[in-house]
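Chemist: This is what each chain is made of:
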Amino acid sequence: MNSLILRTASRFLLILLFQFSIFLLLRGHNDPGGGFVGGLVLAAALTLYAIAYDVRSMRRFLPCRAQTIIAWGLLAAALSGVWSMFKGQPFMTGQWAHVYILGLDLHLGTPLLFDIGVYLTVVGVVLIVIMSLAEEVEEDD
Amino acid sequence: MIVAVLSGFVLALLAPSLYRLSPRWAGCVFSLFPAALALYFLSHMEGVVAGEAVRVTYPWVPAMGLELSFNLDGLGLLFALAITVVGTLIITYAGSYLHGHPSLPRFYLFILMFMASMLGVVLSDNLIALFVFWELTSITSYFLIGFEHDKDTARAAALQALLVTGTGGLALMAGVLLMGQIGGSFEISALASDNAALHGHHLYPLVLALVFAGAFTKSAQVPFHFWLPSAMEAPTPVSAYLHSATMVKAGVYLLARFSPVLGGSDIWLYVVTGFGAATMLVSAYQALYQTDLKKILAYSTVSVLGTLTMLIGLGNKLAIQAAMVFLMAHVLYKAALFLVAGSIDHETGTRDVRQLGGLRKTMPIICAGAAIGALSMAGLPPFFGFVGKEALYEALTHDNMLVTVVGVLTSMLLFAVAWLAGIRPFSGEETHTPKHPHDPPWTMWLGPVFLGCLSVLFGLMPALPEKLLSAAAGSVLGKEVHMHLALWHGFNPLLVLSLVTFALGVLVYLNVDRLQKVTEFALPAVRRGPSHWYALWLRFLNWSAAGQTRVLQNGYLRLYLGTIMTVTAVLAWYTVLAQADVGVIEFNWGDIGIHEWVLGVVTLVASIATVRAQTFLRAVMALGVVGYSVALFFVLYGAPDLAMTQFLIETLSLILFVFVFYYMPPFKRFSTRGVILRHVAIGTAVGALFTLLVLVATSVQWHPTISTYFSQNSYLMGQGRNIVNVILVDFRGFDTLGEITVLAVAGIGVYSLIRLRLGKGGGS
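Sequence lines, in order, name chains A and B.
Sequence positions in the first sequence follow my numbering and run 2 to 142.
Sequence positions in the second sequence follow my numbering and run 47 to 810.
Pulled out of the complex, with its shape left as it was, chain B reads as follows (with noise of 0.2 Å):
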């Protein structure tokens, strides 16, 4: 199953120069992968169905016992099904919808790294594993959705789908470690089978505020709905596979996967139902009042995540059976209605609604397509969406009054909603569009024709999926399940709702023009929702950190150095203060030796004159003075390699200033006296600390030595004599590469800092 996962990486890596063999045909090649998948995961399903869960493991970070466990139970393969068979749809389609853009190759590269994260999340079992297969959904959807990257809303949504998203993983991130601490492992099936330590801990409600933060933003629950709309920037088989099909339900999945291990509690029940339904609600008057034909669908999608979270909030066993009728309805008629739309957009030229009508008549394989998608979204008999929507409503009543009532206003809207985006496009007087529409190749019209003959498939055979959909609400309930599905349940109240609905949504579609009337009325109010908030608090963030900036990084070498210093100085004379005993040092003027002398009054005199001198050239060569005399105590205490490095370090150095003075304006000095006296305190304090640490360090043996360690074994290990060359290269060898590492950064930053500077016209 590793392979199923991880392939998918490996292909997307290799997918830019495949493309290059046969741009022709690559996206029928490349959508051969996610079928191929698919055929494997259905393989699966027998043992799956009768509730034997594929379960390997492998070693990851052995050390922290980390392993990568996958697990596919019914739940996972429910969404890996998805994942697969819409990816196959949706990468034929876009090699038509996309075809001749200069980015393809990088399209093929992010989705098929997308889908692989995808299908990571779904069926990895180790907490940490799922958190990083999350993120890689929430990067490449970045990267997805500012696809035509050199549009300013195409990159702003970008921008907001990944602060939403992103800042909602941090917060998941937090939650998985602390239900890994509390729970003790990072298995989920193992904490769903003992959750007690979970539910019994103080910071429960804390692991869940944490887990709901990752999951609402991702899968847009109000209030952090408003990326979604936004991402529809995205192109068109991006939004119907991400935004519709997989990515965002990746917030409900995870609900429903850890609804054995956190739920069950009145914390959940109020808080996933509550914001669920507020969502669904929401958001489906919001789809009414669009008219951009992607942003109506994506709304609507926002309304049924909300939904499938109420669901799962509810957690009793018929809430969790609907919600899984209802999440493959949603799959399949949703992800078609976008691959419509898409279709529309590049055949007409537009996705405004109002200039869309009488296309029946010159697209009638995408208006088949369409019809059964908005037939099975409005809750329509015989499509799958009724008994989708049968389940809910059997769901719902069983339960209270005031879920029954959100969800049958919702299914009203939405039966608008579907009336709006899936058929009046399609009705009425051709009108005159951009570009002259036509049906497009089969390659686009293959995705919404085959999701809808599923629908009608499963609408009129519901025993189809239904072991499939057992199995699913099974590994979320933890038992076994066995539901039944039907078309047609007779005369019974769930019936009077559905035709009270459609009435109602017959209504409010006749009188959609009027509600918009009104909408726009209150839109100033509309617009000052969450959106406005995220946009005040992105530039209240790039204001702090614009002040900061100028504070902290304001530019002066002087001051960088005398920040660096003086809290060096402070704290380590507070250290010495307080702790070190200054009385060990045992000094003795005698020892020194009159060439010591000699070498100390030079350097001595030669930092002297450094300091004192009255062109760069003079403090320069004055400085040298004193970085030989360094080398010279070194060559007379027995270090050939430090002294012969420092003395060509010394020389380079001068070389390198001599070139930089080109750049110096001409020697001045400013500074005021008070400068000057803070210099020379902060120097002083330094000088003095190191003089100090120094002699301490000399007379007090706290531990033994490492030198003699490093003497005894670098023959013996290092295979080596030079004691100082064995420590650079083996012993702390791993030091030395980072230090390389930093030097060639700093030679690099050098080149771009002068060879590319702005207004320069670039580099030779």
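In isolation and in its complexed conformation, chain A is listed as follows (with noise of 0.2 Å):
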């Protein structure tokens, strides 16, 4: 799509919602959110900008291939509920710790750890199959 409002309003917003899903990824435990749709928006986002300028343009923001991502994904999920194993706790038992930074009491915990990985695997598959879709229009195009 050719459209100047939109292609300078994109770009804008993909920071913000970029900002705004990390936000409900983190809020998630104690308040609306969480990674599912955190990953939703960032997906959106991202696929606004796709739609604004092209498949090629967008994934210049990715780190890496959309495969990895969701690897990465299932890797963190299932890390977390490993971690309580080797304390010999059941599968996914969670483990909380309170960590101190900069005179902040974060409470973190592996369920966090789980959120993260459900964030990377729900960009990862909505990105990949939208490129999919969407490369091929554009090659055709």
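Simulated from the structure, these hints should not be mistaken for laboratory data.
Every residue, glycine too, gets a C-beta built ideally from N, C-alpha and C.
Some hints here could point you the wrong way.
[Said to hold, decoys possible] Label-pair distances were calculated between CB atoms; the ranges are:
hint, chain 1, residue 1, chain 2, residue 2, range
1, A, P64, B, G230, 54 to 60 Å
2, A, S4, B, T614, 56 to 62 Å
3, A, A98, B, S653, 46 to 52 Å
4, B, T661, A, S4, 21 to 27 Å
[To be verified] Not the full set, but computed from the structure, chain B residues with beta-carbon under 8 Å of chain A:
hint, residue
5, G684
6, I695
7, E696
8, L698
9, V706
10, G766
11, R767
12, N768
13, V775
14, A792
Using the hints, put the two standalone chains together into the complex.
Modeler: Structure follows, in structure tokens:
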């Protein structure tokens, strides 16, 4: 699509929505949000950008191929479950710890890692589907 | 001991990487591993021979009461030594035989893995563990037979072996589970000491049939014997190791191991003895008219397996003793002969016995190894094969006339076969062969020579292996055994029988050409044997599978959805009508607020618009309205998480649909009136069903809702205040893990379907 307004807007929206998706991911445990929704938001933002420009321009934002993102997501989710097994507890028992960084009291746990895994998987899956379909359309144009 | 068994798997996995470090020495280095294991097992010899089995137990799945238990008794030790000693020689040999083969690293991977699995089979005391290792040998054997996977015949042979032994394996699994259930324990030693429950149970014949199916397919008993000669497609070291010395003996091992548990009954006696006797005679004859050196050896192996099976079936003290001696003699000479056959093939470029001759001049060392092997196989003194045959005759003559005749006939045929395979290629005039032969490097003659030396040594001094064999027979019989082996028993009927065998054997060998002609004449009838049935059965399976797939997986999404929905509607409506009390529904039209009415009407109108739309885009837009309306309902009822997700999913699927339209043909209506009516009927049934279910579910409270539990414990146990999220990532985290895995698979599936389409020249 060749629309100046959409192109300009999508660049700003991408940054904003990326931040928003991280926000959703991190607040998810206590307030509405979570890895799934966060992942969808980021994927939607990237899709918007791909529509405004093209898939190749959007691809620049990805550190690796979509398949690899999915793999990292699954790995993170699986690892978060294995953690507890080293302590002799059943698979996926939540592990929590208070971490103090820069005077902040962060309450971190394996469910967060799990949610990050969900986030990455969702982003990867949506992008892989959209890109597969869209690239073919672009190639034929 | 668990280290001894499992370290093989670890080394196997590391083998390809280690190989790259030093391709030249990899074979020799890897062969040190089985050598070390052999020494380890030898170090236990004294204790085991004294009757103290080494037993170790590790918890495996404690929740199910499963233990990984290993038991090193006489029988286990005999097999473990055969596996490790022959393994050492084979791996050394393979390094030269397959020198320069691009897949050599993979060969080491599979052969080491096979060795570890085989050790697992013969040392496991737990039935489940035994079965797992048993299947592992089938699978590694599949990969090893199909090692030359660019050859059609190799692939077909590998598949055949896997299907035949795999089917037997499934039967064995059922048998093992039944045994454990009926006998009350999965430990073989426990079952052996108390087998009354098994013998008295009305399912005992079924257990026997299942176990036999496993053992007979693995050990290639008639009528399942055809896979073993086909498996000769494997590289020769594999044939020597798997298909003569170790894996095919797993069935014999199983029968021997189970004979204290299941044996002693009439069915056992007649079935095992009968199958064994038929196998030994039929395949000894079949060996005689083969022209491929390896197939000759393969059929003679089947014959020996039959002999061992028959002896275990007879089950008396003499028979079991004879089985152990015969088994050891066979390992020594047959592995050697296979290695010789491999060397001949490697050096001359052919395995056809009709083309081979006079090799004694060009390959003297191999000739020596072959001669010892062949003479031992023929049962001539002073080799260990003679001791084995004497033990066999002693056991048979003490039993009855019929088995004695079968035994003598088989020995006579094997005598001729031995001459054919081990002596003829080396005698006579030199023939012209594709390659000019000479003695291979030391790694390739070490095996036959070493095994040949053992054949001579044990033949001359049978007292050496006596204790080990006694211990092995003892663990099969369940009591202490002291056997006395000797090369010279004096002039007695057995010696006469041996002499008769030799005379007959010479006679058969001299007339072997005439016999082959007769057989060639009758060959069409022979071809219609079990392998023909196998081919027919396979074709039938493929045909019926293809038919089912065409009906069930017809490729029409509307039919899939129609099937799913119809089945759901029929089953659920049946239950609702038969059991549910619809009267409990509390529903009041007055409770519906005006804004809800509006939203409801919008949803309804949008739904109708979706169905009636004349273009794809309109249909999808209308469907989007339905989706957003549902999201608004979520907002109204205080479910922000759901609403947010629903909005995003709707948006993304709209975009997705737009891209998909690109691939779609123009919108047209093809549905006939009947089809539309059918779809309306299904839709109405499902819609009404779910409306009813929701109404019932909200009105009735059979159990306390789980939401109370979640809301009470979400912060305490899940450390989060957003219940939905805590459920997703913690309480039901395992489900979520499964769901995102499905999601990932679906995503990659879409990618492969679109990007890697056939005819598009692969992906980017």
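Chemist: If you check each hint against the structure, which ones fail?
Modeler: 2, 5 and 7
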